[in-house]
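Trainee: The residues making up each chain are set out below.
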Amino acid sequence: MIREITIGQYYPADSVIHRLDPRTKLAGTLVFILSLFLFRSYAAYLVATVFLACVIRASKVPFRFMVRGMKAIVVLLMITVLFNMFLTPGEPLVKLWKLTITREGLELAIFMAIRLSYLIIGSSVMTLTTTPNQLTDGLEKGLRPLNKIHVPVHDVAMIMSIALRFIPILLEETDKIMKAQMARGADFESGGVVQKAKSMVPLLVPLFISAFRRANDLAMAMEARGYHGGEGRTKMRPLQYQKRDRIAYLTLVVYLLAMFAAKRIAGF
Amino acid sequence: MNIIQAKKLTHDYRKVGDDGETETSCRALDNVDLDVAPGQFIAILGHNGSGKSTLAKHLNAILTPTDGTVWVDGMDTRDAEKLNAIRQTAGMVFQNPDNQIIGTVVDEDVAFGPENMGIPTEEILERVENSLKTVGMWEYRDRSPNRLSGGQKQRVAIAGVMAMEPKCIVLDEPTAMLDPVGRREVIRAAQKLNREKQVTILLITHYMEEVTEADRVIVMDQGKILMQGTPREVFSRVEELKEHRLDVPQVTMLAHELRKSGLPVPEGVLTVQELAESLIAASRRAV
Numbered sequence: 001m002i003r004e005i006t007i008g009q010y011y012p013a014d015s016v017i018h019r020l021d022p023r024t025k026l027a028g029t030l031v032f033i034l035s036l037f038l039f040r041s042y043a044a045y046l047v048a049t050v051f052l053a054c055v056i057r058a059s060k061v062p063f064r065f066m067v068r069g070m071k072a073i074v075v076l077l078m079i080t081v082l083f084n085m086f087l088t089p090g091e092p093l094v095k096l097w098k099l100t101i102t103r104e105g106l107e108l109a110i111f112m113a114i115r116l117s118y119l120i121i122g123s124s125v126m127t128l129t130t131t132p133n134q135l136t137d138g139l140e141k142g143l144r145p146l147n148k149i150h151v152p153v154h155d156v157a158m159i160m161s162i163a164l165r166f167i168p169i170l171l172e173e174t175d176k177i178m179k180a181q182m183a184r185g186a187d188f189e190s191g192g193v194v195q196k197a198k199s200m201v202p203l204l205v206p207l208f209i210s211a212f213r214r215a216n217d218l219a220m221a222m223e224a225r226g227y228h229g230g231e232g233r234t235k236m237r238p239l240q241y242q243k244r245d246r247i248a249y250l251t252l253v254v255y256l257l258a259m260f261a262a263k264r265i266a267g268f
Numbered sequence: 001m002n003i004i005q006a007k008k009l010t011h012d013y014r015k016v017g018d019d020g021e022t023e024t025s026c027r028a029l030d031n032v033d034l035d036v037a038p039g040q041f042i043a044i045l046g047h048n049g050s051g052k053s054t055l056a057k058h059l060n061a062i063l064t065p066t067d068g069t070v071w072v073d074g075m076d077t078r079d080a081e082k083l084n085a086i087r088q089t090a091g092m093v094f095q096n097p098d099n100q101i102i103g104t105v106v107d108e109d110v111a112f113g114p115e116n117m118g119i120p121t122e123e124i125l126e127r128v129e130n131s132l133k134t135v136g137m138w139e140y141r142d143r144s145p146n147r148l149s150g151g152q153k154q155r156v157a158i159a160g161v162m163a164m165e166p167k168c169i170v171l172d173e174p175t176a177m178l179d180p181v182g183r184r185e186v187i188r189a190a191q192k193l194n195r196e197k198q199v200t201i202l203l204i205t206h207y208m209e210e211v212t213e214a215d216r217v218i219v220m221d222q223g224k225i226l227m228q229g230t231p232r233e234v235f236s237r238v239e240e241l242k243e244h245r246l247d248v249p250q251v252t253m254l255a256h257e258l259r260k261s262g263l264p265v266p267e268g269v270l271t272v273q274e275l276a277e278s279l280i281a282a283s284r285r286a287v
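Going down the list, the sequences are from chains Z and X. Counting from 1, one number per residue, gives the positions in the first sequence under the numbering used here. Counting from 1, one number per residue, gives the positions in the second sequence under the numbering used here.
Since the hints were derived computationally from the structure, they do not count as laboratory data. From the three backbone atoms N, C-alpha and C, an ideal C-beta is built for every residue, glycine too. Be aware that a few hints might be false.
To be verified - EDC-like cross-link-like pairs, simulated, lysine to aspartate or glutamate; straight-line CA separation at most 20 Å:
id: 1; chain 1: X; residue 1: 57; chain 2: X; residue 2: 12
id: 2; chain 1: Z; residue 1: 176; chain 2: X; residue 2: 98
id: 3; chain 1: Z; residue 1: 235; chain 2: X; residue 2: 122
Claimed, not checked - If you want the ones that stay clear, here's a sample from chain Z, every Cβ over 12 Å from chain X, calculated:
id: 4; residue: 70
id: 5; residue: 80
id: 6; residue: 89
id: 7; residue: 123
id: 8; residue: 161
id: 9; residue: 180
id: 10; residue: 184
id: 11; residue: 213
id: 12; residue: 228
id: 13; residue: 233
id: 14; residue: 243
id: 15; residue: 251
id: 16; residue: 252
id: 17; residue: 257
Chain Z extracted, bound-state conformation (with noise of 0.2 Å):
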């Protein structure tokens, strides 16, 4: 049952924005996201909109998938939505009780809830179409640039896909050690908080040293294979844009460019 855990989120489908490069959908989230911070307007946020559906549209990911990551952030939203509402000072317009709500105060609501969601359904996008694989790819050779002021990119991205690929093997060991405890009588269910927590020694002692043993292991594999860093090393599959890429980039200059215009000339 555990071993079915995927990390990620990934949808497979065969669209254009899953054929994309992992590096043009991180730059392509990172500038979505920051034009909503940027370009403060209903028209911009209108223009928004049409992008990410178009995306969606090209993405082949039922829409129920992106709204699944928002269920995560609906406290979070609603705490920030409430906040703002009421305690933001300007021209009154409704008064319940004490609170008061403001026009300045409904208008942070609405864009502080629209940014927040369109941020998580915008890299729920990138998450869904991108396997862990070609994100840990992506990041490795779009930062390489951060090897010349010794950010160590390639250990990074290195570590990351050592991680990815022993999260199920750790899982499917935490569930041995688990039974193996309670076919001894140990107790993982009932009590309170401290309670649940002390019982969680005889677990995790177990799991951190086979971890550390694993490790070793690994180490030793990964130097009997000639690993010494990233340095001369090639690629199976090295990432090479294609000129779907850089479609994709010219779209994202037009969609930039409408945003500008929709905040300058709607002015709304």
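Assemble the complex: chain Z is given as a structure, and chain X must be docked to it using the hints.
Mentor: This is chain X only, laid out in the frame that chain Z set:
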């Protein structure tokens, strides 16, 4: 020239005591001499703690000798500059299949070695395809290794080493954590490599059944080579092996017992077929 040569190889594991000063050392290998000619299939047998895994780690320069010398294809394993060349010459497959697979997809893992060597992209793809096909895992190339069986994972690990095109592959108890089916799969893959690609194989194991087809069997005990020879020669010395608490294949044992009780069966029988034939011959003579 010998692909692997060890001369008076000695290795001590040092352990610093709790007070941080007293040093205890434990001799894992004691004056071991070993010559392996290219293309051979060598099996190394022994108990836990007999030094066989320590020996394996010397052949890939993961460990370096305390005393004595190891040459891999003429390169001294203590020569730090030759480290990469040595590791490309003598590949290594370890015991735990989970702890040696680096990639999150099967073909990415096989590509890991060649990528480290800086092989051009097209050639990596070619090598990955060849090695996965040799071990019969090509259909699984885009699967996650987590969903494979132990035997399949171990075959992926072998393909990963093969893709580096080493002259020699050391398998350190590759079957210890597998079920009988997985064990057979892995041994078959190793034999195929040896026969078809002329790769020198050093198989370290404690399953006697796996070594009957080897060119040479080396039995280790307490850091020393106890005996070596063809499987037939080694398994003819049943009593001596028993003294060192080492088993022989079941059929060899049966033949030995039959011989002791007076039947004209040769020593060192390795297969059921062989035993059956000699029993039939004996019964014909009796009639």
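Trainee: Which hint numbers doesn't this structure obey?
Mentor: Violated hints: 8, 11, 12 and 13; rest satisfied.
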